[in-house]
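The hints should help you fit chain B onto chain A, whose structure is shown.
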Amino acid sequence: MRNLGAGRRRSCAGTAAFVALLVTLTVSPASGQASLQVPMQFDFLNPGARSLAVGSAFIGLADDATSAFTNPAGLILLTAPELSFDVRASEMESLFLSGGRLSGPVSNLGIDRSLGVTYGDSPATHTGLSYLSFVYPWKNFRIAGYRHEFVRLEQSFEADGVFQGEGSRELALRARRDMSITAYGAATAYRYKKLSVGATFALYQSKLDAEFDRFFSPDLFERATFAPDTRIGRAVQTADELSLGFNIGGLYAVRDDPQKRVDLIQVGAVYRKGADFEFEAFEGDINAPVTRDNTFSVPDAAGAGVAVRIARTATLTGEITRVNYKSLLDGYVRAQAGNLGKFENFTVDNGTELHAGAEYILNITASPKLRIGVWHDPDHAVRYEAPADPDFFDQRFAAYLPARGAVTHFTFGGGVSIRQLEINAGFDLSSRTRVFSVSSIIRFIKL
Amino acid sequence: MTPMLRLALVATLIFGAGCNSSSSDSPTAPTAVNNDTVSPIAATSSTSSTTTAPAGIRSAVSLPFDAVSGPTAVTFPPRDQALRFRQDLEVYYRDVFRRGASQSFVDIEGTIVWTQEYLRYRVNGCGHTDAVARVMAQIDGSTNTAACSSQSTPFPPRNEPFAFRQSLEAKYRDGLGSGVSSTFVDQEGDIVWTTEYLRYRTTGCSHDEANAKVREQLGGAAASAGCAPPPPDPVVASFIMTQGNGGTVTNVCNVNSGNCVLDGSQSSGPGGITSYQWTTRRFRANGVNENRTFSGRTVTLGPDCTSGVNANTQERFDVTLTVRNGAGASDTLLRTLSLARAGCGT
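Taken in order, these protein sequences are the chains called A and B. Take 1 as the starting number for the first sequence in our numbering and just add one per residue. Take 1 as the starting number for the second sequence in our numbering and just add one per residue.
Simulated from the structure, these hints should not be mistaken for laboratory data. Be aware that one or more of the hints could be misleading.
Claimed, not checked - Taking beta-carbon pairs under 8 Å as the criterion, some of the chain A residues facing chain B (in silico): (1) ASP63; (2) GLY233; (3) ASN287.
As the list claims (entries may be wrong) - Label-pair ranges, simulated between beta-carbon atoms: (4) A/PRO390 x B/ASN289: 50 to 58 Å; (5) B/VAL288 x A/THR118: 49 to 57 Å; (6) B/ASP304 x A/ARG434: 53 to 61 Å; (7) A/PHE246 x B/GLY308: 33 to 41 Å; (8) B/GLY244 x A/THR352: 21 to 29 Å; (9) A/PRO387 x B/ASN289: 35 to 43 Å; (10) A/PRO390 x B/GLY272: 50 to 58 Å; (11) B/ALA133 x A/ASN108: 46 to 54 Å; (12) B/GLY258 x A/PRO390: 29 to 37 Å.
As the list claims (entries may be wrong) - Some chain A residues flagged as far from chain B (calculated, every beta-carbon gap over 12 Å): (13) GLY104; (14) GLN205; (15) ASP257; (16) ILE310; (17) PHE393; (18) SER440.
A quick note: this is a predicted structure, and the numbers were derived from the prediction, not measured. All residues carry an ideal CB built from backbone N, CA and C; glycine is no exception.
Same shape as in the complex, but just chain A (with noise of 0.2 Å):
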């Protein structure tokens, strides 16, 4: 297995949500033979350092410019016109089957040595700047626009193909896939009494360009060597495509009396729908490919979430978000599982996440404010659920695509505000990821 440099990837607003998704090459009519499935993994953490530091908990909260993807209904709460951006870093673990053996008897040749599998990382990294947004009061609306960078990911990697069986072996593996999804979406919110709501229309751009090659190792227990004559297979998936999504949430206010000791509560809910675009693809042999265009669907969410502010300077949020991945399945795992008889096979858990955090403002120069959460993110990565009696093709794909479990996430950060000028930072760490971003708000007031 190489690691063909390292992937880069960069995430953006969003839901909160991890997303697996899967990359597959697809199957012939004529022969009902499956291919290769290269598990793409990305995530759609809220924008923002706040809120990536308490948790991603922010629906409730919602009451910076972020909100405009967040919860469009809490840009109510800003006063004055806002610009906001967000530079994050991020890495991301995404595991590729790289090679090994899954049955039969080993042959002690060459790199058929040991019964097992191995898996490859091609981390996905990126730096760069994620989201930049802009609010403008008037009345009782608030009209915001904003880029967000969705997803941004680019991956490289070779795998050796896994031995099966007594002389089978999955042919040797190069792929490289960028896949970006960019949003610019205009955002209003209004407010009647203690009641906003707000909605954003966004339009997506997707890019995709995927290369996925297939070569035969001339011998056929070593190493494969890549050249350019050993070339037998190949996929390629491509889309320029602009569609629309929209979010539209509310914001109501429980409490708010400044004279309580706690003076605020608040609850938010959201709806978000995802875009969908279409793709151009086509695979197989590279003398006689097969076109294979689909859709590809980014799930759609909702959730909602509750603020609490205690004497003003301690604010606890928490949030819940019910993040439909099975819209995965019935487009693009459907549409490349084809016809060989095995996708229903391939499954995936709509996922429910969990978020909680809490802010403190210390009262002193700057008002300089520490925060931290934790977030539950299930499993949520297709996987593959083989027969009893598995055949090679279930062995590969359970091998592909593999339970990967839940995962904790614990955030931390911290911002201090001067002037019109907000800045804050907060990291996102978990098993798999990691992740940090800067933040900056300006306040267009008079002080």
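Here is chain B on its own, set in the frame of chain A:
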């Protein structure tokens, strides 16, 4: 020669002749000859000038010298020829080297018979000590002349036959009470050149050829390997697999890119190859391996041979070619090749 020695010689020759009939059908050349067994000092070493009439030589040469004793992997020459070589060596040393006569308790027949026996044991699997013991036992009357192995072994290094020769000298002197004989060839020359002669005889040389080669060495030439004819060209199985219009040679047949051809025309053998037998073995994904046989110089692997390879899979494909020539000689070659199929394809 004492009566006991004569009895031993007679027993050796008689039993040796009897055993030879069962083993001479499959003579085998020695596997290797160490040039170090040739002692240049033998031709230049000095000898005693004392001359004594050889004892019992007439009775010894009257025995049937066409015998070879014991079942062997290496066949030795008839002893009359060996004796003739030894007698010629006497003349050579006397007339060419102008050596004076020296004394030996072992007469010429004795040294030829027992040296040949010793070497027979050595090139048929016996170690030095074992071979010496066996010869001494024969001298004492043992009739056991069996060799140690049916597998041939190289001629021994020169110090061991020389040690045997010294032991033989002591045996004749102390064990048999033999009187001294006169010889122009000293012990070293005796054992070295007798060994060389026998080495040539066991590697395909006739008596005259072996005699001439030893004479060349006596004249300063280097030892040669022997007179065995070069082995005939072997039958060699060889084949390639090609695919595509250009006949690209490959180890992996892409089943989506047309037929592959197994081509055994590179096989060779004396008189040409007359028979090509192919066996292919596919290691199928379903665990049921598939064996097929073909004949002919080339075999086209059409879809009937290659269908069913899983997508994105390289499948082991063992090919065995056995070729024969008109004389029936054969060779077999097994190669592990592959069938491969990408994607879904057609």
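Now for the hints, and whether the structure bears them out:
Using the Cβ-Cβ criterion of 8 Å, the hint placing A/ASP63 at the interface with chain B is not satisfied: the shortest such distance is roughly 52 Å. A hinted interface residue such as A/GLY233 counts as satisfied when its beta carbon comes closer than 8 Å to some beta carbon of chain B; here the least separation is about 3 Å, so the hint holds. Restraint check, A/ASN287 versus chain B: the minimum CB separation of about 6 Å is within 8 Å; hint holds. As the Cβ distance of A/PRO390 to B/ASN289 is approximately 20 Å, the hint placing it in 50 to 58 Å is violated.
The hint said 49 to 57 Å for the Cβ distance between B/VAL288 and A/THR118, and at roughly 29 Å that hint is violated. As the Cβ distance of B/ASP304 to A/ARG434 is approximately 56 Å, the hint placing it in 53 to 61 Å holds. With their beta carbons about 50 Å apart, A/PHE246 and B/GLY308 fall outside the hinted range of 33 to 41 Å. Between B/GLY244 and A/THR352 the Cβ separation comes to about 56 Å, which falls outside the hinted range of 21 to 29 Å.
The hinted window of 35 to 43 Å between A/PRO387 and B/ASN289 is violated, with their beta carbons roughly 24 Å apart. For A/PRO390 and B/GLY272, the hinted distance range of 50 to 58 Å is satisfied, since their beta carbons lie about 52 Å from each other. The given range of 46 to 54 Å is respected by B/ALA133 and A/ASN108, whose C-beta atoms sit roughly 47 Å from each other. For B/GLY258 paired with A/PRO390, a C-beta distance near 32 Å keeps the hint of 29 to 37 Å intact.
Residue placement check: A/GLY104 does not keep its beta carbon more than 12 Å from all beta carbons of chain B (closest about 8 Å). Annotated as non-interface, A/GLN205 keeps its C-beta farther than 12 Å from every C-beta of chain B; the closest such distance is 30 Å. The non-interface label for A/ASP257 is consistent with chain B: the shortest C-beta to C-beta separation is roughly 66 Å, beyond 12 Å. With a cut of 12 Å on Cβ distances, A/ILE310 stays outside the contact zone with chain B, its closest approach being about 59 Å.
Listed as outside the interface, A/PHE393 is inconsistent with that label: its C-beta sits roughly 7 Å from the nearest C-beta of chain B, within the 12 Å cut-off. Listed as a non-interface residue, A/SER440 keeps its Cβ farther than 12 Å from every Cβ of chain B; the least gap is roughly 49 Å.
Hints 1, 4, 5, 7, 8, 9, 13 and 17, counting from the list given before, are not met by this structure.
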